[in-house]
Structures are given as C-alpha cells and as structure tokens.
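Given these sequences and hints, build the entire structure.
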Amino acid sequence: EITDGESGEYGDVFCISASLSGDVGVLHLLESEENLDWVLRTGPNPPYMVILESTLFTRPILMKLKNGSSRVAGVLAVQPTSNPPEGFSPHTSCPNENTGVYSETYGPSYAHCNVTMWNPLGTGISYEEFDFPIFSVKDDNDTEVIRRCYMEHNRAVNGSTPQYPLCAMQLMSHMAAVTDTATCMRRNAPTFSLAPDGVCDPLGDANIWASTKPLNSSTKGHKDGVSVVIAATKLDSRSFFFDVAPGADSAATGLVALLAAASALHNATAELNRTILYTFFNGETFDYIGSSRMVYDMAKNDFTVDLDNIHSILEVGQVALGPDSRLWLHSDPVSKRNSSVNVETLVSNLQAAAAGLNLSLGEPNVTQPLPPSSFQRFLLERPIPGVVIENHQTSFTNKYYQSMFDNAEYLKLNYPPNLTPEEQLELVTDSAKALTEVATTVARGLYLQAGGELAQMSRIQADSELVSKMLYTFLVRVNNSWFDQLVKSDWTGVLSELMLYEINTSERKVKTTEPALMVQCILANLTGSIANITEGNCQDKKMDKDENMNKDIYSYLWVQGPVRPNSTERDSFCVRSLVRQSKALSPAFELSEYTSKNYSTWAESRWSAIKGRIFLVASHDLEMLTLGVGVGVLLMSLLLTYIVSSKADILFSSGREPTNATY
Amino acid sequence: MTAAVFFGCTFIAFGPAIALFLFTIAREPLRVIFLIAGAFFWLVSLLLSSLVWFISVQISNKESAAQQKGLLIFGVVLSVLLQETFRFGYYKLLKKANEGLLTLSQEETMPISIRQLAYVSGLGFGFMSGAFSVVNILADSAGPGTVGIHGDSQHYFLSSAFMTMAIILLHMFWGVVFFDACEKRCWWAVGLVVVIHLVVSCLTFQNPDYTATLVPAYVILFGMGVWAFYTAGGSLRNIKLCLTCKDKDFLLSNHRPR
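First to last, the sequence lines map onto chains A and B.
If you're matching positions, the first sequence starts at 1 in the UniProt record's numbering and goes up one per residue.
If you're matching positions, the second sequence starts at 1 in the UniProt record's numbering and goes up one per residue.
These are calculated hints, taken from the structure and not from any lab test.
Ideal Cβ placement from N, Cα and C applies to all residues, glycine included.
Treat the hints with care, as some may be off.
[Claimed, not checked] Some chain A residues near chain B, calculated using beta-carbon distances under 10 angstroms:
#, residue
1, Gly22
2, Leu359
3, Gly362
4, Ile614
5, Ala618
6, Met624
7, Leu627
8, Gly630
9, Gly632
10, Val633
11, Leu634
12, Ser645
13, Ala648
14, Ile650
15, Phe652
[As the list claims (entries may be wrong)] One-sided and incomplete, this derived list gives chain A residues near chain B with beta-carbon spacing under 10 angstroms:
#, residue
16, Val24
17, Arg147
18, Cys149
19, Met151
20, Leu616
21, Gly628
22, Val629
23, Leu635
24, Ser637
25, Leu640
26, Tyr642
27, Ile643
28, Val644
29, Leu651
[To be verified] Negatives, chain A to chain B, calculated, CB over 10 angstroms:
#, residue
30, Cys94
31, Ser217
32, Val226
33, Arg326
34, Arg337
35, Asn342
36, His392
37, Gln461
38, Ser464
39, Asp552
40, Val563
So this is what it looks like as structure tokens:
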C-alpha cells in the first residue's frame, strides 16, 4: 500500500511536523547527491517534494534537506525490495546512553560508550527534528505512477526549466504536539488546550510477567522466604517510520527464545527451591520505560516481590546465531568487584547448560560495560548478579538495529513462496533450529540457577516446532492456525496482517496493545494448565462458583481453541496460569516530572489522518489571471447593469404593454 | 493556493447574475419572492429528470460505454424538455397569481407586470441552473491542484465558469421571450426557444473541445440577447437616444400621453 509516515515522538527534541492542511510540493526525483543543488538552490519552483531512492536515504542528504527546509515540502522514501547489504541503522550509536547505569557516579570510564561503541552503524536520524513530513512507500505500481508523473511533467531536459503544469504531491501528517514533552503535557491540561482531547500522550503499554510458583499479587512488597531468578527480555522495537518495526534480531529472537524456554521448563519447576520470574519488558527502546517502571514499583513496595527477593538476573538480548554459533555472556565490571555479587556461579551454570548443544558460550575478553539492557535499571538500585546473553562480543553484529530492515529476511527465515501459509507454518527453518538451541540453553541455565540438579538437566529441551511457529507468527504472518487456537476468544478480528512491534501509546490511560497481548496469550498457554470450568467461571476468575480466594494468584483466560473438523465451531477452553500484566508507564509521568533525567520522558504527539496524493499544479500566473478575469467580469457587469437599469425606462419604452406598466 | 482560481471562477460564473440581482431585484420584495419561486420550479424539474435518468441507468447495462453515452444524451434531452415544461407551468401559475394579487391589493395597478415576471423567473431559473452546473467544480477548484494528470486540458475550470455564465444569461433571455410568446399565443416562438435550449445543451457534448462549445454558445447568447431586447420593448432608436444622452430633453419635448 502507499504510505507510511513518521510519528512524532518527544523526549527532548526529536520530532517531525507538518502543516494542518498538508504540505504541497512540486515532485523532484533526486538522482544523486549533486542533484540536491536543484532542490536547495537553483530549482525555479520551490517548495519541492523530494523522492529519495533507497540508496540516497542517508544521513548527509537528510541533514542537507533539513537545513534547506524552506524549499523542501516533504520527502518520499522508496523502500528497497531487499535489505541493503551495507547495513542501515537510524538509531543512535550509543543507545539509551543517558538512562543506563553508567554515569559520572557509577563506572564513569564506561559511560557514553567510551569503551565500546555498541551501534557503530547508527546515524541517529531517528532522533533529529524535521520540519516536513517524511513518508515511506513500497516500490510497487503506485510508486511507478509517481515516477512516471515526474518524468512526464517535471523533468528538466538539458538545462531548460520545466513548464507548468507540473506534477505535485501533497502529504498530510499533521502532528498536534510541539517543542518537547514538558510543554506538550502542560498543554494537555484541560483548562488550557483548545483541542479537548489533548495534544500528546505519554508513551506507555504493559509489561508481561509470569512466575513459576504461585505468588499472591494482592500483597505487595517483600515476601519472606521467596528467592527469585529473573529471566528478562524486551518485546518492543522501533524504526524511522511508523508501523514498520519488525525488530527481528533486536527483540523477536530474545522473546521467542524465552517463551520457548518457559515452555520447556513448564513441568520441571515444581521441585526447584527458587522461583523463576519471566519478565517481558515493553518500551525498552525508549529509555527503558518498562524496566524502569518495574524497578520503581519494586523499590516502592508496589510489586509482588521487591528488590531484596531477587537472587540473580538473566537477560536474553539479541540471540540470532551467526555462522560461528557463538553467544557471549556480558556482565557488569563495576558490581563484580563487590564480593557479595556472585556472577561466576551464573556463568558456570550457563556454560554447563550449553554442554552438548550446537553452540558455544563465552565471556568477552575485553573489560567492557554491559550492552544496553534492562538489567542496567536493576543495577541502578542494587548490585545484583546478572548476565546478559548476546550474539555480539563487542559492537552489535546486527547491521539493521532498530530499522525496518531488521526483519525475517535478515534472520534468513526463507520460506519457499510456493508453499501455502499452513505449510510455511509447519516448516522448521535452520534459523529456528539454531534458536531452539539457544532456548534450550536458557532453559537449562535457569533450571540450574534456580537450584535444579545437573543430572536432571538433560530432560529439559525446547521444541523446535514451537520455536518455528512463534517466529512465523511474530515475523511473517500473525493470522495463522497455530496462533488462532491460543488467542482469547473475544479478541479475534483485531489481529492485522503483519506484526507491529512498536510500543504504542495510551489514549488517555495506558492500554495494552497487540504485541504485549500476543505474548500474554502465548505465555499463558505455554506455562498454564487447562482448567475444566465453564466460560462464566473462567471470566469471573474462579474454579467454581463458590471459590474466591485464588483471584489474586492465578489468572484465567478463555481461549478460542482449535476448529472442530468439518465445522466452523471451536472447542474453546479455559487456561489457568500465573501470567500477569504490569503497567509500563515511565515513573516520570507518575511523578509529573516531565524533565526528569532519571526516567524516560518520551511522549507521542496526537495525529490525524496520514495520507498523500499527487496531482498537477498550475502556474501562479495562470491563477492570478483567472482571478483578474473574474474580478474584471464582475466589475464590468456591475457597471453595465447599473447603466442599463438607470436608463431602463428609456431603453424599454416602446413597449406594447397595454396599461399602467410599472418599470 | 488556488483560492485565486476559486474566486476567479465564481466571479466569472455568477458575476452578471449577481449584478443583475443587486441592482434590479434586491430592492423589491415581490421580485425576490418570484425569483426564488422560479428557482424552485427549475429545481423540481431537475429532480424529476434526474429520477428518470437514475432509474434508467440502474436498469441499463453498466458495462457498455455506447449505451451509457446514449443514456446521457437521452437524459440531457429529457431534462431540457422538462425544464421548458416547468417554465410553461410557472407561467400559468403566475398568470393565476397575478389575478389573485390584483383582487387582494388595494391599488388599481398590478404590482408587477408580466414582463417583469418573465425577467425575474428567467433569472431564477438561471441562478439555480448555474449553481448546479458549477458549484461542485468550484469546490474542487479550491484545492491545491488543477485538472490534467490524466491528460485532460487544464482550462476546465475556466471554461466551465464561462459556460455557466452563458447559461444563466440565456435562461434569463429565454424567460423573457417565452413568456412574451405565451402571452401572444405565438407558439412557434415557444418552440424555437425549446430548440435553442436543446442546441446549447447538446453543444456541451463536444467538451473537452472547449472552443467548439464556448464560441457557438456565446454567439447564441448574443442572438438571444438581441431577440429578448426587442421583445422587452427595446429598439435601436432607444439605444441611440441613451448613448447620445438626449433622453431627458427628448422626453420633455416630445411628451405624449401613453
């Protein structure tokens, strides 16, 4: 389809704005970087709407366009048909550098990527402010029409200026918010704003978490005798454009690995003496919204467990295996100096877990800080032993970090096109097999860390078909028969063609969006058990109509179930699990500290319809001529009519009107 | 940006009509009423003809372009005939109303003559016809673009506006001639008015060749204007009198009781 647009997000400065009625500009297909001169200086018909082919969508060109934005009405970026081989990352080169644990007071030599530049390909254009709309289109028939319109009407041949009428384009993506979050939230206050619905919303969604042993969630704060191993990962990502953020390596691999690990551990956790807490954080891309909120809640005794209950943390980061099948265990050099922080046990448990599997684990041989990870937010509060599993030793191996190219193609999920969707769902690709090894490692590592015995470890095995189906669901097609069975029955019809990963904002309060809900449904089905109760009892969250106690411990989900053969009816059933949601809204908005340096302050602007259209524009002279002729006709007719009507009795006097005519 | 084109085309299309309204009709409440009633009659005729056309399109073969073109021609002819029928109906109504008004009013003279009624009703027809012809086009002309991305001429707005101006003035002239012919029972004149109306409407089938449409239309407009002028009581002598500004002296010195 035609257009995507960039959404306006505000933490400090980054935004994109457009005028209320849409920006109109004469089309210009940029042929090379030198051709920019036409747009910025010499072209006779500004403002221009610049069409950028994918090879020209680079930081230098965008910066030049930004500086010449009085002559630029907008940019249309054409998506390439396959990922650019040199890589592309619009994110910053040091992600989340101001909200991590490393600062002037904690490991100052490690702060601001002094030791390792995590995302060296990062250009930072996602965080620049543009005064014109930037849209992205696929390279399909509609784009061909746009190019042809340019070729026929706008192309300057041999230095001659193109003649009117010229082909022009209008892009509409009005953003209501301005300046920064503090200003925007102030304008949200009902007494001030003209737009009664507000101009921007804080970025927020839901974290999904589950425990392996029942925990009473109505009693918050410290729980005696409970020792928790946190297994964390993130479930969101972003890109330069709205709606195309698949986040395959950056989020989906870790997410799928942890879900598969949870499924593998499902039957083995009863005898463990520590509880494993699976946490799927939302909003980590935007300065750790989800994890900072959970840590904040724990510190304030507003969560089921608190920070003293945490024994250790294992985080699963980007785990797409490269050709050498190596994974790296990153840990924090500063807290390791503290003798009470025992990272070695965790590392050796993980090494043991990987024994006999088709991958190798190692620790980086450089003393370097933790990569950007949710674990850093926990370290801000307490020195807790923890490890982050990644597929890179120093800088990211992901060439497309937080861009729209971090997709199924990058992970080499190659489904032959002649297969039906159902056959593709069943196909187990090599990447899925590799990820299964990772999931098994994570599961066994968690088992050992939670007190399991080494001898029992080998019966824990992740299912490669499950991993393959989850990868297919998250990265290729949501609408498939496997996921259909797991989904809540009152939630069908909401799922769209392709998965979006971008964390979404609330309207007025935080609502849970599709990625988090999907994870919740899958996790509930994988770690829960089927409860043989009616739909009514399931919706009311009790086992039978008299029981009331377990509402705070278990959660109940009425699931759609499989289709009965030869019918369209489904065998729905109730799943009882320990999966819960927790609010992922930055503490800065709870405390109304919109300029906080400690917490994420990202907010998203309200926007109206996003669309674009092309048409011809006439020359200014012709329009003024039309107006002149119109005014001339009006004045002439006024004059003539006045003259004729004042002389009417003379002009029409030879009348054959018989009597008493009044004129 | 093309608010310029919007206003330009509006002034072209409705300029003469607004001028006429302002200077000759706006001060007299009775004329205003008959103007609006005339517009309403035209509207009803359009409603009927569009109903017939709509039904016939629904039952026709939507794929065949030739059939659709034929239906369009049929629709135009039917609409013209219905408009003229309603003009005749309005004439009849006005005759009856005039008698009634005379009996009701205190004065001895008729408050409004049939000739004025002819002019006012013709203008009413013209206003409504012009509005329906051109308002959609004006609304589109206010947007940022112009016609032509599929290869059509970019003078569409301008020529539509000129055509509308011609139609409004033509309706006014036809009103004058038609009513006068009905008064004198001059049926060939009535028939000729209908035929000319048909010719002008069918001229538009030559669009987008705008010259072939506009030039004949303006020639006919000029011809009708002359005919209506003579019907309304004008003559070459009166024009000469006006132009040489001898009118007042002439009247005083050659005063004759009428």
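Quick rundown of the hints versus the structure:
1. About 8 angstroms separates the beta-carbon of Gly22(A) from the nearest beta-carbon of chain B, less than 10 angstroms, and the hint is met.
2. With 10 angstroms as the threshold, the beta carbon of Leu359(A) stays out of range of chain B, its nearest partner Cβ sitting at about 57 angstroms, so the hint is violated.
3. A least Cβ separation of about 61 angstroms between Gly362(A) and chain B goes past the 10 angstroms threshold, and the interface hint is therefore violated.
4. Here the hint on Ile614(A) is kept, as its CB sits about 7 angstroms from the closest CB of chain B, short of 10 angstroms.
5. Of the supplied interface hints, the one on Ala618(A) holds, with its beta-carbon coming within about 4 angstroms of a beta-carbon of chain B, less than 10 angstroms.
6. Here the hint on Met624(A) is kept, as its CB sits about 6 angstroms from the closest CB of chain B, short of 10 angstroms.
7. Because the beta carbon of Leu627(A) sits about 4 angstroms from the nearest beta carbon in chain B, less than 10 angstroms, this interface hint is met.
8. For Gly630(A), the suggested interface contact is upheld, since its CB lies about 3 angstroms from the closest CB of chain B, less than 10 angstroms.
9. Given hint, Gly632(A) at the interface with chain B, holds; its Cβ is 8 angstroms from that chain's nearest Cβ, closer than 10 angstroms.
10. About 4 angstroms separates the beta-carbon of Val633(A) from the nearest beta-carbon of chain B, less than 10 angstroms, and the hint is met.
11. Annotation: interface hint on Leu634(A) holds; nearest CB of chain B at approximately 4 angstroms, less than 10 angstroms.
12. Annotation: interface hint on Ser645(A) holds; nearest CB of chain B at approximately 5 angstroms, less than 10 angstroms.
13. With a cut of 10 angstroms, the hint placing Ala648(A) at the interface with chain B holds, because the nearest CB-to-CB distance is about 8 angstroms.
14. With a least beta-carbon distance of about 5 angstroms to chain B, the hint placing Ile650(A) at the interface is held under the 10 angstroms criterion.
15. A cut of 10 angstroms between beta carbons decides the hint on Phe652(A): the least distance to chain B is about 4 angstroms, and the hint holds.
16. Taking 10 angstroms as the C-beta cut-off, the interface hint given for Val24(A) holds, the closest approach to chain B being about 5 angstroms.
17. The beta carbon of Arg147(A) is not positioned within 10 angstroms of any beta carbon in chain B (closest approach about 14 angstroms), and the interface hint is therefore violated.
18. Hint status for Cys149(A): holds, given a least beta-carbon distance of 7 angstroms to chain B, under 10 angstroms.
19. Of the supplied interface hints, the one on Met151(A) is violated, with its beta-carbon coming no nearer than about 13 angstroms to a beta-carbon of chain B, more than 10 angstroms.
20. Annotation: interface hint on Leu616(A) holds; nearest CB of chain B at approximately 4 angstroms, less than 10 angstroms.
21. With a cut of 10 angstroms, the hint placing Gly628(A) at the interface with chain B holds, because the nearest CB-to-CB distance is about 7 angstroms.
22. Proximity of Val629(A) to chain B holds as hinted, the smallest CB-CB distance being about 6 angstroms (cut-off 10 angstroms).
23. The criterion of a C-beta within 10 angstroms of any C-beta in chain B is met by Leu635(A), whose closest approach is roughly 8 angstroms, and the hint holds.
24. With a cut of 10 angstroms, the hint placing Ser637(A) at the interface with chain B holds, because the nearest CB-to-CB distance is about 4 angstroms.
25. Against a cut-off of 10 angstroms between C-beta atoms, the interface hint on Leu640(A) holds, since the closest Cβ of chain B lies about 7 angstroms away.
26. With 10 angstroms as the threshold, the beta carbon of Tyr642(A) comes within range of chain B, its nearest partner Cβ sitting at about 6 angstroms, so the hint holds.
27. The closest approach between the C-beta of Ile643(A) and any C-beta of chain B is roughly 8 angstroms, which is under the 10 angstroms cut-off, so the hint is satisfied.
28. With 10 angstroms as the threshold, the beta carbon of Val644(A) comes within range of chain B, its nearest partner Cβ sitting at about 9 angstroms, so the hint holds.
29. Taking 10 angstroms as the C-beta cut-off, the interface hint given for Leu651(A) holds, the closest approach to chain B being about 5 angstroms.
30. Look at Cys94(A): its CB is around 43 angstroms from the nearest CB on chain B, clear of 10 angstroms, so calling it non-interface holds up.
31. Every C-beta of chain B lies more than 10 angstroms from that of Ser217(A), the closest at about 56 angstroms, which supports listing it as non-interface.
32. Distance check on Val226(A): its Cβ is at least 65 angstroms (rounded) from any Cβ of chain B, clearing the 10 angstroms threshold; non-interface status holds.
33. Under the 10 angstroms C-beta cut-off, the non-interface status given to Arg326(A) relative to chain B holds; the minimum distance is some 56 angstroms.
34. At the 10 angstroms boundary, the C-beta of Arg337(A) stays outside the reach of chain B, the nearest C-beta of that chain being 65 angstroms off.
35. For Asn342(A), the requirement that its beta carbon stay farther than 10 angstroms from each beta carbon of chain B is met, with the minimum near 67 angstroms.
36. The non-interface label for His392(A) is consistent with chain B: the shortest C-beta to C-beta separation is roughly 49 angstroms, beyond 10 angstroms.
37. Non-interface call for Gln461(A) relative to chain B: holds, since the shortest CB-CB distance, roughly 61 angstroms, exceeds 10 angstroms.
38. No Cβ of chain B comes within 10 angstroms of the Cβ of Ser464(A); the nearest lies about 53 angstroms off, and the non-interface call holds.
39. With a minimum CB-CB distance of about 59 angstroms to chain B, Asp552(A) clears the 10 angstroms threshold, and the non-interface call stands.
40. Its beta-carbon lying about 40 angstroms from the closest one in chain B, Val563(A) satisfies the requirement of being farther than 10 angstroms from that chain.
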